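Here's the letter readout for the chains.
Number of protein chains: 4
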Amino acid sequence: MTADRKAGQSIGSVFPHLVSQDLPKMVAIKDADFSDVDAVFCCLPHGTTQEIIKGLPKSLKIVDLSADFRLRDISEYEEWYGQAHSAPELQKEVVYGLTEILREEIKGARVVANPGCYPTSVQLPLVPLIKANLIESKNIIIDSKSGVSGAGRGAKEANLYTEIAEGIYSYGVTRHRHVPEIEQGLSDAANSKVTVSFTPHLMPMSRGMQSTIYVELAAGVNFKDLNQQLKLSYEDEEFVVVLEEGAVPRTHNTQGSNFCFINVFPDRIPGRAIIISVIDNLVKGASGQALQNLNLMMGFPENTGLLYQPLFP
Amino acid sequence: MTADRKAGQSIGSVFPHLVSQDLPKMVAIKDADFSDVDAVFCCLPHGTTQEIIKGLPKSLKIVDLSADFRLRDISEYEEWYGQAHSAPELQKEVVYGLTEILREEIKGARVVANPGCYPTSVQLPLVPLIKANLIESKNIIIDSKSGVSGAGRGAKEANLYTEIAEGIYSYGVTRHRHVPEIEQGLSDAANSKVTVSFTPHLMPMSRGMQSTIYVELAAGVNFKDLNQQLKLSYEDEEFVVVLEEGAVPRTHNTQGSNFCFINVFPDRIPGRAIIISVIDNLVKGASGQALQNLNLMMGFPENTGLLYQPLFP
Amino acid sequence: MTADRKAGQSIGSVFPHLVSQDLPKMVAIKDADFSDVDAVFCCLPHGTTQEIIKGLPKSLKIVDLSADFRLRDISEYEEWYGQAHSAPELQKEVVYGLTEILREEIKGARVVANPGCYPTSVQLPLVPLIKANLIESKNIIIDSKSGVSGAGRGAKEANLYTEIAEGIYSYGVTRHRHVPEIEQGLSDAANSKVTVSFTPHLMPMSRGMQSTIYVELAAGVNFKDLNQQLKLSYEDEEFVVVLEEGAVPRTHNTQGSNFCFINVFPDRIPGRAIIISVIDNLVKGASGQALQNLNLMMGFPENTGLLYQPLFP
Amino acid sequence: MTADRKAGQSIGSVFPHLVSQDLPKMVAIKDADFSDVDAVFCCLPHGTTQEIIKGLPKSLKIVDLSADFRLRDISEYEEWYGQAHSAPELQKEVVYGLTEILREEIKGARVVANPGCYPTSVQLPLVPLIKANLIESKNIIIDSKSGVSGAGRGAKEANLYTEIAEGIYSYGVTRHRHVPEIEQGLSDAANSKVTVSFTPHLMPMSRGMQSTIYVELAAGVNFKDLNQQLKLSYEDEEFVVVLEEGAVPRTHNTQGSNFCFINVFPDRIPGRAIIISVIDNLVKGASGQALQNLNLMMGFPENTGLLYQPLFP
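Here the protein sequences line up with chains A, B, C and D, keeping their order.
Counted from 1, the first sequence has number 88 at position 88 by full-length UniProt numbering; the numbering is strictly sequential.
Counted from 1, the second sequence has number 234 at position 234 by full-length UniProt numbering; the numbering is strictly sequential.
Counted from 1, the third sequence has number 100 at position 100 by full-length UniProt numbering; the numbering is strictly sequential.
Counted from 1, the fourth sequence has number 165 at position 165 by full-length UniProt numbering; the numbering is strictly sequential.
It is worth saying that the hints were derived from the structure and are not from the lab.
Please note that the accuracy of each hint is not assured.
Since copy identity is lost for identical chains, a pair holds within one copy or between any two.
[Said to hold, decoys possible] Using 30 Å as the maximum straight-line C-alpha spacing, the simulated DSS-like pairs for lysine-lysine come out as follows:
| no. | residue 1 | residue 2 |
| --- | --- | --- |
| 1 | LYS231 | LYS6 |
| 2 | LYS156 | LYS58 |
| 3 | LYS224 | LYS25 |
| 4 | LYS231 | LYS25 |
| 5 | LYS193 | LYS224 |
| 6 | LYS138 | LYS25 |
| 7 | LYS107 | LYS131 |
| 8 | LYS58 | LYS107 |
| 9 | LYS107 | LYS30 |
| 10 | LYS92 | LYS107 |
| 11 | LYS156 | LYS92 |
| 12 | LYS138 | LYS224 |
| 13 | LYS231 | LYS54 |
| 14 | LYS30 | LYS156 |
These numbers were taken from a predicted model, which means no experiment stands behind them.
With the hints as constraints, model all of the structure from the sequences given.
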């Protein structure tokens, strides 16, 4: 385990909930001994991984949880992140780690770009539906809601308890950095450029993410066709669960687990449907999917370390 | 003050935060002496007011906070509430109490049907825009989020702290009883039948409501035109505030107050806009607007008793 | 899995967070087939277990999570619970399941009375200190704070989100039913009758419990002696962790886990000390300790099923 | 209104809940024009007021909300705050602003040191009881619980939503800086040096404070005598309310208001009692009491601007 400012500290002093675990002290990256290491998770600020990764042994398997390698098109990266991409060659060999969609590619990858939380919650339901031509790829309206842990542990006034508790608000309306990642995935599925409406909202809760997605049905399709397709696409999956008709996915029921729950509802306006997906943004939306990917890359059973059931209440 | 099960109790025993107020004990409605009463607020379960109101003196001004008289079309009431309307004659003279839109009618009314919380948050921004032909009245997508106090104080498992805290979910997808009320108001504005997509979500907070509304712009219109129209429509209003460009309305900033904050944002998809409105569901969405209406009916200054500033944090 | 009102339902309909688990439907107790069952957890309302247990096969190992068998003195049970004890003979063979204190007795028990949450948080730190004569057993002041899940899932107005969020209060001041259980354990340790001051407080959180305990030191003893004794008493324990000097136990760091964290602090008033213990009231304070006890009774490794690390945030 | 980093900004940009108020922009203190100002509230970091105040016109009435002038004994200030007192002469004329206890002195004061939140919640119940010799002044155990807004709006990791929500912990055990202020007030009442045990706890809520106080009764006294004395002491007070026997004060019922609710309970240990007081830490514990004091100093009705009722829920 490496650290920057906190190098030299015990894990128990930084994360007191792990105080009983017998873990090594954190070291600075430059002092890390990789001789005995097979794989790493990179959980660095955006822009940093592109640099750090150059100094790591080529033999390492890497799952990168930053946004540094999520966008294939380097110009998109530079536009949305406002800085030059410093590892364009490496970008070419990176596999995007949306596990259930790109499992085979991930198995053979050396570097995996772990998806963002919002893109995970949006692509899991939409990719199979677009591929099957069941919904229109225009006018997709995504209203997402996230717990505040997605913002990390940085000390910002905006994320103080007193600012967050008992209130909600939208942020980054249409300009959130997860937009190009979502559009990349949906465009791949549609084989044409997709532009989405995406509005994230901050919720007074630590964990949990819901995307409520408003779509136009393809001609002759109804909402049950969507549900059926999703059940088919995910019937062998352990972590993506399509609920029974009428059952409402709740973020609470994913808490601490790698599950994604999805369901489809008829809209009151004819020719439309409403798709709801929920995940724990810190698990399937981050570290859980990262572990799932590493398991694939290493040839381990895919659910190794991911058997925690949701915590309720 | 009247009560049913709690008749005979002091207000301080039912609402301990009012223990220091010198208020009369609650009495059963049948024991209430109306001889010295000019006006009443009816806060009864749906279906009850239609009955109770028949026994009240005709001289009383009435603001009814239930849904009993909100729908002009009695067949709509019966469809959505699943029971016969028992005061159809009275319905004809009732005025719908969306204050800023129907102020003149309210001034002369004997009975006002106080709007629902969701319909208030939706109609305040949309009615002026539809009237001005700035947005299409089809494919209006309303994604609303509400604090749990909207569900009242009834003892239900679904509203326990342990069920609500740290999680969110949609409910009544497209079938919420506020749908016909919203459609009635928007249809009036459009002079044609409007059907909306409306999905409410329950938030882990007591108070506050946000409607995020996704609309198609009329030909040649852009989001700034919407903002300008709203500023014009509400420039003389004390309680409806259109924010400066880019400022995001937050529910927290309405807490305990009668304010509605609104703003309009450009959508990433050309030809679309995103409208956000926030209120305190218990004030502008219920008791505050009720008082505002009664003030008008009685000829009092409209803001009497409504000068509380939002409480933060 | 048995149920009363909910018999016949799937586990996923009652606990949707378990919807992905392949579990049998719930059956009424009378329809349960015990032929293939080795052990049961009884999680029934107080007073019920004493009856139900009579009808269960004598060969079953039982961990009872109610209060029905926690008090050895039947008159104490009747005084605090206001009803006759209906299984006084069985009471004699029941072992009190405070695992770390009574491990050997639990191993050989057929029926274990699983401790209450408050008594667990209080006895784990106090029993070793009283036994070692390091603190006075008079004037022990216990100020406890609990998350609301301790009240169960019953639909009560008092436990609605709107009543609990953003506020705290004491309840059952000095009259909480866990008092006799605490006094029983401390009296056993002291070999004399101990009377405590115990005031529980309800916290706006789902899980977590802290007991802040104010004690008088025995002559010549200082707070470090207490810490040292506790470290000694629990040095081989997996789930009871005495923190390093100065480190403050936090309920958050036990969330979802079977840990109890304890520390001792000097008081500003000479001759006194402050002891803080925290647990997750639903795990070490209920189901976790129950499983720990059953593991002992069955000869399984004691931590089977209890390896979940605390969830943060 | 003055500001430091935020000078030049509108109040609506710093406190968006006040965006509808027609208020002047914030200016740097050095640019403030005091020619037309009668009185000021100083809400500056500890240590700053002692300097700033020297540059203010001598004619100004001042209510200081920092700790700079709360401790009469300058050596105590220097010990607890770790820095020299830079306005020792001024200290002599400052009046401590615990309104109900020192009303007459406050009326004539030029500078009032507004009490801390914890000291307010502790002294209001204890001072009359100590003065009346109804409780012992030794072994007073104060277990206090506070909402997180008491920590201010500074961006600290410790106060992030994710650190605070769904968990509790003690802090500053016996070393909190409000200790000398509490001991000063109780020593004055007792006419002898009082040392208290004081342990504050951080609650997952924005506002609200409870002090649960464990005391030894004087010989021959019982808990009802305490209640009676408090009712007598506060019978003419608007903001300090002693509840009826058995009624439990709840922080929620003070939210947004200047009230302090108090009650006394018998302890299970003979000769002891439990006193509970609750306030809103930001109102009676800070700005509300400050306004109450200024009203007195200016000869205004004491409740001017303080008539807001508690907000529930």
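We went through each hint and held it up to the structure:
1. Taking CA atoms no more than 30 Å apart as the test, LYS231 paired with LYS6 passes between copies only; the shortest distance there is 28 Å, against 45 Å inside one copy.
2. Proximity of LYS156 to LYS58 under the C-alpha cut-off of 30 Å is found in neither arrangement, the shortest distances being 36 Å within a copy and 39 Å between copies.
3. With identical chains, the CA atoms of LYS224 and LYS25 are at most 30 Å apart between copies only, with a shortest distance of 27 Å across copies and 53 Å within one.
4. Within a single copy, LYS231 and LYS25 get their C-alpha atoms only as close as 45 Å, which misses the 30 Å cut-off; across copies the closest is 22 Å, which meets it.
5. For the identical chains of this complex, LYS193 and LYS224 are neighbours both inside a copy (26 Å) and across copies (27 Å), given an alpha-carbon limit of 30 Å.
6. When the C-alpha separation of LYS138 and LYS25 is checked against a cutoff of 30 Å, the pair qualifies neither within a copy, at 51 Å, nor between copies, at 43 Å.
7. For the identical chains of this complex, LYS107 and LYS131 are intra-copy neighbours only, at 22 Å inside a copy versus 57 Å across copies, given an alpha-carbon limit of 30 Å.
8. Within a single copy, LYS58 and LYS107 get their C-alpha atoms as close as 17 Å, which meets the 30 Å cut-off; across copies the closest is 53 Å, which misses it.
9. Only within a single protomer do LYS107 and LYS30 lie at most 30 Å apart by alpha-carbon distance; the minimum there is 29 Å, versus 51 Å between protomers.
10. Taking CA atoms no more than 30 Å apart as the test, LYS92 paired with LYS107 passes inside one copy only; the shortest distance there is 16 Å, against 60 Å between copies.
11. Taking the shortest alpha-carbon separations for LYS156 and LYS92, neither the intra-copy value of 35 Å nor the inter-copy value of 40 Å comes in at or below 30 Å.
12. In this homomeric assembly, LYS138 and LYS224 come within 30 Å of each other (Cα to Cα) both inside a single copy, at 20 Å, and across copies, at 23 Å.
13. Proximity of LYS231 to LYS54 under the C-alpha cut-off of 30 Å is found in neither arrangement, the shortest distances being 41 Å within a copy and 46 Å between copies.
14. Proximity of LYS30 and LYS156 under a CA criterion of 30 Å is satisfied in both settings, with 28 Å inside one chain copy and 28 Å between copies.
Checked against the numbered hints given earlier, the structure breaks hints 2, 6, 11 and 13 and satisfies all the rest.
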